[in-house]
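*Asks:* The chain contents come next:
Protein chains: 4
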Amino acid sequence: MCRWMAWFGEPVLLEELLFKTQHGLVDQSLHSRMGAETTNGDGIGLGWYGGGDGPGIYRSVSPAWSDANLRELAAHVESPLFLSHVRAAIGSPVQETNCHPFRHGRWLFVHNGFVDGFAKIRRDLMVELSAELFAGVQGSTDTEVIFHLALSEGLEDDPIGAMETVLGRIEDVAEAHGIANAVQGSFGISDGDHLWAIRYSTEGKSRSLFASADAVAVKKLHPENERLQRVHDNDRVIVSEPFSDLEGLWVEIPESTAVTVHRGGAMEQAPFTPVHAPAAVA
Amino acid sequence: MCRWMAWFGEPVLLEELLFKTQHGLVDQSLHSRMGAETTNGDGIGLGWYGGGDGPGIYRSVSPAWSDANLRELAAHVESPLFLSHVRAAIGSPVQETNCHPFRHGRWLFVHNGFVDGFAKIRRDLMVELSAELFAGVQGSTDTEVIFHLALSEGLEDDPIGAMETVLGRIEDVAEAHGIANAVQGSFGISDGDHLWAIRYSTEGKSRSLFASADAVAVKKLHPENERLQRVHDNDRVIVSEPFSDLEGLWVEIPESTAVTVHRGGAMEQAPFTPVHAPAAVA
Amino acid sequence: MCRWMAWFGEPVLLEELLFKTQHGLVDQSLHSRMGAETTNGDGIGLGWYGGGDGPGIYRSVSPAWSDANLRELAAHVESPLFLSHVRAAIGSPVQETNCHPFRHGRWLFVHNGFVDGFAKIRRDLMVELSAELFAGVQGSTDTEVIFHLALSEGLEDDPIGAMETVLGRIEDVAEAHGIANAVQGSFGISDGDHLWAIRYSTEGKSRSLFASADAVAVKKLHPENERLQRVHDNDRVIVSEPFSDLEGLWVEIPESTAVTVHRGGAMEQAPFTPVHAPAAVA
Amino acid sequence: MCRWMAWFGEPVLLEELLFKTQHGLVDQSLHSRMGAETTNGDGIGLGWYGGGDGPGIYRSVSPAWSDANLRELAAHVESPLFLSHVRAAIGSPVQETNCHPFRHGRWLFVHNGFVDGFAKIRRDLMVELSAELFAGVQGSTDTEVIFHLALSEGLEDDPIGAMETVLGRIEDVAEAHGIANAVQGSFGISDGDHLWAIRYSTEGKSRSLFASADAVAVKKLHPENERLQRVHDNDRVIVSEPFSDLEGLWVEIPESTAVTVHRGGAMEQAPFTPVHAPAAVA
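Chains P, C, S and L supply the protein sequences, listed in that same order. Just so you know, my numbering puts the end of the first sequence at 288, numbered straight through with nothing missing. Just so you know, my numbering puts the end of the second sequence at 288, numbered straight through with nothing missing. Just so you know, my numbering puts the end of the third sequence at 288, numbered straight through with nothing missing. Just so you know, my numbering puts the end of the fourth sequence at 288, numbered straight through with nothing missing.
I should point out that these hints are in silico values taken from the structure, not numbers from a laboratory. Treat the hints with care, since some could be wrong.
[To be verified] Far from chain C by the CB rule (all over 12 Å, computed), these chain L residues: (1) E21; (2) E78; (3) A80; (4) V222.
[Said to hold, decoys possible] Within a straight-line C-alpha distance of at most 30 Å, the following computed DSS-like cross-link-like pairs (lysine-lysine) qualify: (5) P:K126 x C:K225; (6) L:K226 x L:K26; (7) L:K26 x L:K225; (8) S:K225 x C:K126; (9) S:K126 x L:K126; (10) S:K225 x S:K26; (11) S:K226 x S:K26; (12) P:K26 x P:K126; (13) L:K126 x L:K26; (14) C:K226 x C:K26; (15) P:K225 x P:K26; (16) P:K126 x L:K26; (17) C:K225 x C:K26; (18) C:K126 x C:K211; (19) S:K26 x C:K26; (20) L:K211 x P:K26; (21) P:K26 x P:K226; (22) S:K26 x S:K126.
For glycine and all other residues, C-beta sits at the position ideal for the given N, C-alpha and C.
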């Protein structure tokens, strides 16, 4: 499984979050504390909104901690909204097309977790894609298939709704194959104007997910922390694992919950409930 | 498109064929003469039968000419039967899982050519695979799909028959999508006991394919060539493009033809005729 | 040998020059016309001034034509001053630390050409470096040694003068080893405020080097060319090989010449004359 | 720092030691127990004696645990004598030319440890190399410089003696630069006929080094262990960290000690004492 983070706020050099933060994502790639694996060395990915048309993507099979190009990019590119991901492969090959984020038009998609028994149901899931979306699946991860299924189901109009439909279907298909706890994970999604995050697992024991707390309150709590004092009130960070141990900085997103972050930092929270097909219920 | 070669004969160090032969495969990767592209720099692959269980595979995204590990492997591994491939990508990503040969159990598969309009029909072709074979497709090339379809259709019992079924079906599916000349290429197949090669294109203007001529005759023709004099009478080489300009060394395999090379060098030739579904004919 | 280009003018998306220009650098990596090699597939490098502190660097061992990250970076990063280089290795390994540009503080350095007999004189050249500059040589190319020697000799104060000193010394050392025509090439140098280019070879038959002509005149010549009409009057491009065949667009920089491009596009030209040690003259 | 292992005995498939052994080298690359770093994910190297002329080398910047080619090679290549190394870079770039083993003719060289303050003394050390050996240093590690210095000092005639001279000199040069504990590590060396290993550090607190015990005794101790029962009496393994927890299997090589393993498994042990220049002593 993996780690990911997302930033939505004032434009910052990517390195502020990726390299300079205590226990930041790149540091986590070597030594994670709360995750199931202790090393996330099977590739790095970065998607950012900024110059040019649509989001840019950087994906590499190098471990994040040794990738010289990632360090350069992070030190010289600014963005108001970006997602980054470090990977610990479980089964599928270490290759750029298996690195997150995945992209479609203006959309980016990251995932920490897995679809249990994916090899058994990959065919039955992909069959539901149109020829065009089917051809767009370039790698072999479960995540890329989830993303394309969600695109099929209207992700671009209603990302949370589309994910409820898709994760419900995956659970149905898995159950038909005798797989009990099909979905596990946290998801990050953006179109450049909003940032969505989902914490969900069939079993109800999901990977962790945190949002940064209200910046004003946190600054008061830690007047000595220079880096924190530079954070704007509207900046928001979502992480699969907290970056540091600062008290009050992180708010855990509850089980089976989706959050929407708006430009300006406002964040809404709603229950996330997969939609099951009637047939599967009967 | 690509270049490939296969060796079946006495065990040789791979470098004899890959690096030391005039106008050999690695040299061809930089400057091909008869192919459609002038550079095949999008990866290299090698599959060999020898030590261990089943064939070994080496695949790399480096251009063949600069891959230090390929050079090492070729200088230190001997094999009586191997296939090698240099790639010029046309659309699909440069990644190891898109490098030939593809492998399933004891079987190896290489291809020079393409399926026209593959993005449009990838879904309709892959849907015909079982869940298990579907999950075995790790990359995004047309070739890997052809190989898995052929496995579905009995490649392990009758490789040429399975390929006639599969290429026929691809032509049918393509035609239904308005694609006129779907299949182009030469194919190399082995299970470690035989070597098969197919030259075929829907259009009837196939990529080139050559077999080495009877060694006895060739040696007489070129008594001055030391390397040739070392070739055993039973050795056989199949190449998508001739290695050198030696007169009499290469026999062109005709259009729409399949050849079977047996251990000991005997080679049979037969017409290759794709099988079309009755519905598609009607 | 290699190809390189430099841009100094209004900020542009890198892809305008790297990918969208007819016969641009990436296209040249596959098929060069005037160079000694037909393929420059042994790595790509890019150095740009823009966001962050000092120039950013992207270096990859993938051929430029298939490097997905280069394409992304070029489509999403803007810069008023950048250098890019495609490599055809001659002897030294294909690795990121052998890709140009080389960097030291704010300085970038690229080279198309070679030091003849470099293996024989590498030691004698590097011995002249301070311990600190010696430790800064991370790869194994002749170019990186030339750059560090020039840093030793005051490149940061007088780049052209330092290069005259260094190339003279290399010729002296080479001659002492019986190497007649030691230096070959064109060089590109920048500190973010100026752009320098040198065309020089011991033999007097240097690799080509071109500067873009006065934009106003060129636009008049080709009123139909949309891309040209967008070029600002102050933009300047230096290339080892012309990008396109547009008449009047390129001005060849003469043999043994150094040019200095100032912000605003003004370009000076001066003779380039290596300085030889008295001992070597005697 | 790193981990390494060496095998000298009956020919085995490399995977027996690299992948199939409990807590073997590849497993160690992810989770080491006794080393200073918890992850060795900065490249893998393998040098083996077998087919072809001299040792073959495989080096890759991928982490060992995810390198598909390493797994293939290990499953299909047999060797009676090989060394393998997993790297945790400390400062120098992750690139193939920085992966161990290093090779010169028939000689292979691996190292777990470091030269403290290497950047400060790299120049003074390398200056002592001949032009030819200087040019042979392709990467930027301390280890490659140690190896080439040892070649300068007669490694091919007396490997332990040459290493005593070289490590003594490094200590002298370092001391002159105010570096107190210059050398740390264990070294593995082979010419295909013998295997040497050294455990030494200036400080006298060296990285661990173990040899496999007499096979006969170990088999009696663990009659239930099938893999152990297959080991021949003459097989010998040297490791920087024990592979498993089997009681009695591993003999720790003491501080400041060099061992020589002869064909047939006989192993001699001798004190290792760096030789210091008189000047440095004065």
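*Asks:* Work down the list of hints and note, for each, if the structure agrees.
*Replies:* For each hint, the structure was consulted:
1. Remark: the non-interface label on E21 (chain L) conflicts with the geometry, its nearest Cβ contact in chain C lying 8 Å away (cut-off 12 Å).
2. The Cβ of E78 (chain L) sits about 5 Å from the closest Cβ of chain C, inside the 12 Å cut-off, so the non-interface label is violated.
3. Not every C-beta of chain C lies more than 12 Å from that of A80 (chain L), the closest at about 9 Å, which undercuts listing it as non-interface.
4. The beta carbon of V222 (chain L) sits about 28 Å from the closest Cβ of chain C, which is more than 12 Å, so the claim that it is off the interface holds.
5. Proposed proximity of K126 (chain P) and K225 (chain C) is contradicted: the alpha carbons are some 54 Å apart, above 30 Å.
6. Straight-line distance between C-alpha atoms of K226 (chain L) and K26 (chain L) comes to about 21 Å, which keeps the hinted pair within the 30 Å bound.
7. Proposed proximity of K26 (chain L) and K225 (chain L) is supported: the alpha carbons are some 18 Å apart, at most 30 Å.
8. Of the supplied pair hints, the one linking K225 (chain S) and K126 (chain C) is violated, its CA atoms being roughly 43 Å apart against a limit of 30 Å.
9. Distance restraint check for K126 (chain S) and K126 (chain L): the Cα-Cα separation of roughly 25 Å lies within the 30 Å cut-off, and the hinted pair is therefore satisfied.
10. The straight-line distance between the Cα atoms of K225 (chain S) and K26 (chain S) is roughly 18 Å, inside the 30 Å bound, and the hint therefore holds.
11. Distance check on the hinted pair: K226 (chain S) and K26 (chain S) sit about 22 Å apart at the alpha-carbon level, within 30 Å; holds.
12. The hinted pair formed by K26 (chain P) and K126 (chain P) fails the criterion: a straight-line CA distance of about 42 Å is larger than 30 Å.
13. Taken as a hint, the K126 (chain L) and K26 (chain L) pair is broken in the structure, with Cα atoms around 42 Å apart against an allowance of 30 Å.
14. Proximity of K226 (chain C) to K26 (chain C) is assessed by CA-CA distance (about 22 Å); at most 30 Å being required, the pair is judged to hold.
15. Between K225 (chain P) and K26 (chain P), the direct Cα distance comes to roughly 18 Å. Compliance with the 30 Å bound is thereby established for this hinted pair.
16. Taking the CA atoms of K126 (chain P) and K26 (chain L), the gap is near 27 Å; set against the 30 Å cutoff, the hint holds.
17. For the hint pairing K225 (chain C) with K26 (chain C), the CA-to-CA distance comes to about 18 Å; that is within 30 Å, so the pair holds.
18. For the suggested pair K126 (chain C) and K211 (chain C), the alpha carbons sit about 23 Å apart, so the restraint of at most 30 Å is met.
19. Only pairs whose Cα atoms come within 30 Å are accepted, and K26 (chain S) paired with K26 (chain C) is rejected, the gap being roughly 39 Å.
20. For the suggested pair K211 (chain L) and K26 (chain P), the alpha carbons sit about 33 Å apart, so the restraint of at most 30 Å is broken.
21. Note on K26 (chain P) and K226 (chain P): the hinted pairing holds, with a Cα-Cα distance of about 22 Å set against a maximum of 30 Å.
22. Restraint check for K26 (chain S) and K126 (chain S): the C-alpha separation of about 42 Å exceeds 30 Å, so the hint is violated.
Comparing the model with each earlier hint shows violations of hints 1, 2, 3, 5, 8, 12, 13, 19, 20, 22; every other hint is respected.
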